[in-house]
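Q: Below, each chain spelled out in residue letters.
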Amino acid sequence: MGADELVINMGPQHPSTHGVLRVKLKLDGERVIGSECVIGYLHRGVEKIAENRTYQQFAPYVDRMDYVAAVSSGLGYCEAVEKLLMVEAPPRARVIRTILTELQRIASHLLWLGTHALDIGALTPLFYCFREREEILKIFEKYCGARLTTHAFRIGGLQYEAYDTLEKDVERFCKDFESRIVEYETLLTQNRIWIGRTKGVGVLTAEDAIAFGVTGPVLRASGVKWDIRKAMPYAAYDQYKFEIPVGTTGDTYDRYLVRMEEMRQSRLICLQAIENIPSGPILAKVGKVLKPPPGEVYHAIEAPKGEIGYYIVSDGTVMPYRVHIRPPSFINLQAFDRMVRGHLVADVVAIIGTIDIVLGEVDR
Amino acid sequence: MMNAALQATLEFLKLYWAPLLCGVAVVAILPLVVGYIVLVERKIMADMQARLGPMRVGPHGLLQPIADAVKLLIKEDIIPENADKLVFWLAPVLSVGAGLLSLAGLAIGPAFQIAQDINIGILFVVGISALGIFGIVLGGWASNSHYSLMGALRSSAQLVSYETAAGMALVSALLFTGTLNIKSIVEAQSKEGIWFVLLAPVAFFTYLVASIAETNRAPFDLPEAESELVAGYMTEFSGFRWSLYFLAEYTNMIVVASVATTLFLGGWLRPFSGVPWLNFLDFVPPLLLSAIGAYCVLRMPKQPTRVQQLFMLAMAGLCFVVALVLAAPVVLPVIKPSLRAAVAPFYAGIHGGFWFIFKVSLYIYFFMWLRFTIPRYRFDQLMRLGWHFLIPLSIINVLLVGVALIAGAYFHLQGWGLLLVTTPAAVVALVAAFLILAVEKERDARQEQTAASDFYAG
Amino acid sequence: MLDKVLFYFFAGIAVASAVLMVTRRNVVHSAIFLITALLATAGIFLQLRAEFLFIVQIILYVGGIMVLFVFVIMLVNLDVALQQIQFARQKWVALIVALALAGQVGVMFWTSGKMPGQGLPVLAAAAAEHLPPNSEAVAKSLFSTYLLPFEIASVLLLVAMIGAVVMAKKRT
Numbered sequence: 000m001g002a003d004e005l006v007i008n009m010g011p012q013h014p015s016t017h018g019v020l021r022v023k024l025k026l027d028g029e030r031v032i033g034s035e036c037v038i039g040y041l042h043r044g045v046e047k048i049a050e051n052r053t054y055q056q057f058a059p060y061v062d063r064m065d066y067v068a069a070v071s072s073g074l075g076y077c078e079a080v081e082k083l084l085m086v087e088a089p090p091r092a093r094v095i096r097t098i099l100t101e102l103q104r105i106a107s108h109l110l111w112l113g114t115h116a117l118d119i120g121a122l123t124p125l126f127y128c129f130r131e132r133e134e135i136l137k138i139f140e141k142y143c144g145a146r147l148t149t150h151a152f153r154i155g156g157l158q159y160e161a162y163d164t165l166e167k168d169v170e171r172f173c174k175d176f177e178s179r180i181v182e183y184e185t186l187l188t189q190n191r192i193w194i195g196r197t198k199g200v201g202v203l204t205a206e207d208a209i210a211f212g213v214t215g216p217v218l219r220a221s222g223v224k225w226d227i228r229k230a231m232p233y234a235a236y237d238q239y240k241f242e243i244p245v246g247t248t249g250d251t252y253d254r255y256l257v258r259m260e261e262m263r264q265s266r267l268i269c270l271q272a273i274e275n276i277p278s279g280p281i282l283a284k285v286g287k288v289l290k291p292p293p294g295e296v297y298h299a300i301e302a303p304k305g306e307i308g309y310y311i312v313s314d315g316t317v318m319p320y321r322v323h324i325r326p327p328s329f330i331n332l333q334a335f336d337r338m339v340r341g342h343l344v345a346d347v348v349a350i351i352g353t354i355d356i357v358l359g360e361v362d363r
Numbered sequence: 000m001m002n003a004a005l006q007a008t009l010e011f012l013k014l015y016w017a018p019l020l021c022g023v024a025v026v027a028i029l030p031l032v033v034g035y036i037v038l039v040e041r042k043i044m045a046d047m048q049a050r051l052g053p054m055r056v057g058p059h060g061l062l063q064p065i066a067d068a069v070k071l072l073i074k075e076d077i078i079p080e081n082a083d084k085l086v087f088w089l090a091p092v093l094s095v096g097a098g099l100l101s102l103a104g105l106a107i108g109p110a111f112q113i114a115q116d117i118n119i120g121i122l123f124v125v126g127i128s129a130l131g132i133f134g135i136v137l138g139g140w141a142s143n144s145h146y147s148l149m150g151a152l153r154s155s156a157q158l159v160s161y162e163t164a165a166g167m168a169l170v171s172a173l174l175f176t177g178t179l180n181i182k183s184i185v186e187a188q189s190k191e192g193i194w195f196v197l198l199a200p201v202a203f204f205t206y207l208v209a210s211i212a213e214t215n216r217a218p219f220d221l222p223e224a225e226s227e228l229v230a231g232y233m234t235e236f237s238g239f240r241w242s243l244y245f246l247a248e249y250t251n252m253i254v255v256a257s258v259a260t261t262l263f264l265g266g267w268l269r270p271f272s273g274v275p276w277l278n279f280l281d282f283v284p285p286l287l288l289s290a291i292g293a294y295c296v297l298r299m300p301k302q303p304t305r306v307q308q309l310f311m312l313a314m315a316g317l318c319f320v321v322a323l324v325l326a327a328p329v330v331l332p333v334i335k336p337s338l339r340a341a342v343a344p345f346y347a348g349i350h351g352g353f354w355f356i357f358k359v360s361l362y363i364y365f366f367m368w369l370r371f372t373i374p375r376y377r378f379d380q381l382m383r384l385g386w387h388f389l390i391p392l393s394i395i396n397v398l399l400v401g402v403a404l405i406a407g408a409y410f411h412l413q414g415w416g417l418l419l420v421t422t423p424a425a426v427v428a429l430v431a432a433f434l435i436l437a438v439e440k441e442r443d444a445r446q447e448q449t450a451a452s453d454f455y456a457g
Numbered sequence: 000m001l002d003k004v005l006f007y008f009f010a011g012i013a014v015a016s017a018v019l020m021v022t023r024r025n026v027v028h029s030a031i032f033l034i035t036a037l038l039a040t041a042g043i044f045l046q047l048r049a050e051f052l053f054i055v056q057i058i059l060y061v062g063g064i065m066v067l068f069v070f071v072i073m074l075v076n077l078d079v080a081l082q083q084i085q086f087a088r089q090k091w092v093a094l095i096v097a098l099a100l101a102g103q104v105g106v107m108f109w110t111s112g113k114m115p116g117q118g119l120p121v122l123a124a125a126a127a128e129h130l131p132p133n134s135e136a137v138a139k140s141l142f143s144t145y146l147l148p149f150e151i152a153s154v155l156l157l158v159a160m161i162g163a164v165v166m167a168k169k170r171t
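Protein sequence lines, in the order shown, are assigned to chains Z, Y and F.
Going by numbering that gives the first Met the number 0, the residue at position 205 of the first sequence is 204; the numbering climbs one at a time, nothing skipped.
Going by numbering that gives the first Met the number 0, the residue at position 296 of the second sequence is 295; the numbering climbs one at a time, nothing skipped.
Going by numbering that gives the first Met the number 0, the residue at position 99 of the third sequence is 98; the numbering climbs one at a time, nothing skipped.
Simulated from the structure, these hints should not be mistaken for lab results.
Every value quoted in this text rests on a predicted model; they were computed, and no experiment measured them.
Hints may contain errors.
[What the hints assert, rightly or not] Calculated lysine to aspartate or glutamate pairs in the EDC-like style (CA-CA distance at most 16 Å, straight line): (1) Z:198 <-> Y:443; (2) Z:224 <-> Z:206; (3) F:3 <-> Y:10; (4) Z:167 <-> Z:274; (5) Z:198 <-> Y:379; (6) Y:13 <-> F:2; (7) Z:198 <-> Y:441; (8) Z:141 <-> Z:163; (9) Z:23 <-> Z:35.
Taking the hints into account, I'd like the entire structure generated from these sequences.
A: The structure is reproduced here in structure tokens:
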């Protein structure tokens with residue numbers, strides 16, 4: 000440690016670390032030459048709890064990991080257990096699941112955009128984003144009674160039938176949403192200061208991204224065209240046409256563009272889905288007591304923040320033997336050190352924001 | 000010696016009782032005014048963010064500043080452990096003192112100036128407001144926290160850097176006046192019949208940007224933004240001390256806006272003050288305020304509670320009273336032409352005050368608008384903007400304006416005729432600005448390429 | 000009368016600040032007292048109706064040079080400076096030199112009173128109305144009589160600035 004080096008501590012209580020994240024930065028003057036993330040402040044032992052709950056009892060716990068995008072976490076878990084039980088959710092349930100998950104993707108990206116812009120100093124996009132997110136949360140509340148920790152899906156399908164005006168609500172939201180995205184882009188995309196703060200900041204090359212196991216928009220912005228919705232389709236994604244936005248340089252600006260485009264594509268998926276929701280049952284025949292045959296399954300879906308994977312080992316009883324969750328934020332956070340080296344301290348906050356982490360997911 | 004002191008005091012009071020009274024009044028009223036400017040800012044911020052802002056305390060949140068002031072005053076005064084108590088006490092006082100003192104040199108309308116007829120008017124205002132830097136640096140140091148100190152040094156480095164650009168911009172405008180006296184500057188604009196913003200637009204733009212940096216407002220507010228590692232030099236100050244810093248910041252905003260208004264926007268002159276057939280514009284202020292009053296009356300029945308209805312009526316009444324005060328000097332000479340001479344000083348004072356406050360408000364509104372719209376600059380980008388762009392631009396602009404003036408004097412141009420020479424000067428300055436920006440972008444790109452390769456060495 | 004009181008007020012502050020400045024252990028306190036001393040000097044300029052000098056003193060000395068001083072003080076490790084023993088072995092030499100200087104100044108004042116024409120010239124104060132506006136007077140003389148020294152000074156400052164930038168750049 001040279002004479003000019005300084006180790007400073009950011010967090011765990013800090014307005015911009017998006018949760019209880021502690022970052023130790025090694026500085027040389029103003030430049031960051033090394034960093035270390037200290038996590039675990041929000042560890043609640045979710046995976047251990049899973050060993051003492053039945054499969055249905057564990058489902059609400061999954062929402063509380065990535066509390067910003069609870070619906071997708073729930074989707075991943077339900078589909079993983081369905082794989083273990085070797086049942087498939089009926090088509091109607093799959094389509095409604097897709098609609099709600101895509102709405103959740105938009106909501107998660109909106110929250111990301113608002114807070115990321117706020118960290119960089121743009122005060123206004125936060126309120127605009129939350130205005131749209133409010134509409135989505137109203138839809139969720141009408142559907143399953145909860146806004147944040149929704150527990151929207153059940154193992155085998157859905158519990159609640161889609162309420163009568165669901166298609167109308169989603170259609171109205173999607174129609175309004177296009178002009179709103181244009182609003183956000185007007186404020187930020189061509190803004191000199193925004194470009195100055197995000198271009199070239201936190202560059203992650205494609206090789207590094209793959210080496211770290213980074214997934215989601217971070218991976219796609221680095222130039223790797225990999226989206227589980229296209230590569231290994233689940234729910235009803237194989238029925239819809241949508242693009243996978245890919246970036247070029249892997250800097251913060253590219254990640255911003257990728258997520259903006261993803262919001263647009265999600266909107267398109269929703270519009271396609273509500274045109275043709277098949278009729279039929281919403282819950283497969285799974286019985287009240289779930290006892291999957293002994294075995295293990297790993298099922299991953301494309302959550303808004305990346306690939307969320309569920310590795311479930313069943314020993315034939317009503318409770319799983321082991322549940323391990325592969326949270327996207329946790330893996331993506333590993334790339335933080337690589338992204339932040341050489342940058343100034345003021346960029347650290349921008350880089351934390353651009354990875355889009357939720358500490359509930361990182362710590363479980 | 001006591002006798003001598005007493006005699007001197009009496010002599011002083013006899014000469015300067017009026018400015019003293021004005022000074023005391025300003026110092027007493029300014030915190031209230033600043034409090035309401037903060038409320039206005041919060042309401043404008045809310046409006047731009049699709050929400051309502053403070054609504055609970057008092058009708059439409061109008062008692063919010065009072066509530067905030069009371070809270071700040073009764074808060075516990077925390078002093079960090081090893082802080083230097085004398086300097087900790089002194090720092091906010093320095094900031095506020097510098098701000099208030101520079102207010103004394105400003106002329107709000109031709110009738111209201113605390114320090115009358117200073118020969119060095121503008122220089123006094125700019126120089127004294129620069130003393131506020133010490134408030135920041137000493138505050139950061141007295142907090143006995145490494146990060147506060149860094150934030151303070153950064154903030155003061157920013158202030159010092161943009162002072163040069165601001166000063167050069169002011170010089171460009173002063174070239175047209177030949178004097179530093181504030182009243183003479185406005186009179187020069189009245190004489191020429193054209194505001195200096197039209198004669199030196201690049202200087203106005205430079206001063207606008209530099210003044211935003213001078214007052215630590217967004218997008219140049221990194222030293223006091225919370226997403227930086229610390230909240231800057233103000234971190235350890237709470238309660239009344241913090242409110243002093245806050246007061247200093249908004250006072251600086253008012254000072255800077257007033258300087259810009261005086262030098263560039265025609266001070267207290269009505270738009271087209273020299274053109275007689277546009278004198279009907281004199282009726283605009285009273286009509287404007289009557290319209291606002293009428294709007295308040297119209298909205299009154301729609302208010303949910305009785306208190307808010309009464310409050311709307313009170314607002315309407317206030318607007319009508321002010322409109323009456325504004326209308327009197329304009330309407331009376333129309334009714335009774337003989338009164339024109341008697342009413343003239345009232346007209347100049349009241350309408351001058353209105354137009355001055357109007358322009359200052361526009362300038363401050365622009366500050367607020369910028370704050371809520373664009374993100375903030377990183378510190379190195381900020382410094383680069385100041386040193387690499389604004390200072391060269393302002394120096395080049397001074398040269399060009401000087402050349403334009405010489406050409407104007409050679410051709411005996413006056414008033415609007417000066418536009419013939421200053422517009423080419425402004426165009427050349429703009430071209431120079433774009434050239435500088437292009438050079439900067441190229442240098443940026445080159446630096447990015449060389450620097451990118453060592454990032455992955457670790 | 001007002002003039003006299005103002006003068007003694009500012010002069011008193013200047014002297015007290017100067018004494019406090021050289022006797023404080025804490026470097027920042029010394030800097031603060033230097034600031035007050037300079038401000039008091041500016042006040043004396045103002046009292047002498049030299050308003051341009053007043054504001055230039057404030058802008059340049061206090062707002063420029065003192066800011067630089069304070070910056071440097073704060074960037075230097077203060078604890079080290081505090082622990083250094085001050086007034087090391089030069090106490091007595093300093094005292095003797097100070098006494099000699101004080102004696103000379105005293106003799107100067109004494110002779111100007113006793114022997115007119117020797118020592119300090121005692122000028123009659125010019126009436127305030129006869130003084131030309133200060134800034135214009137300084138500007139006129141700078142750009143006419145003293146144009147060459149003004150330009151030489153500017154070139155000197157430019158050279159100093161360039162030198163400082165070059166030296167700072169070499170370090171990084």
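Q: Can you name, in rising order, the numbers of the hints this structure does not satisfy?
A: Violated: none.
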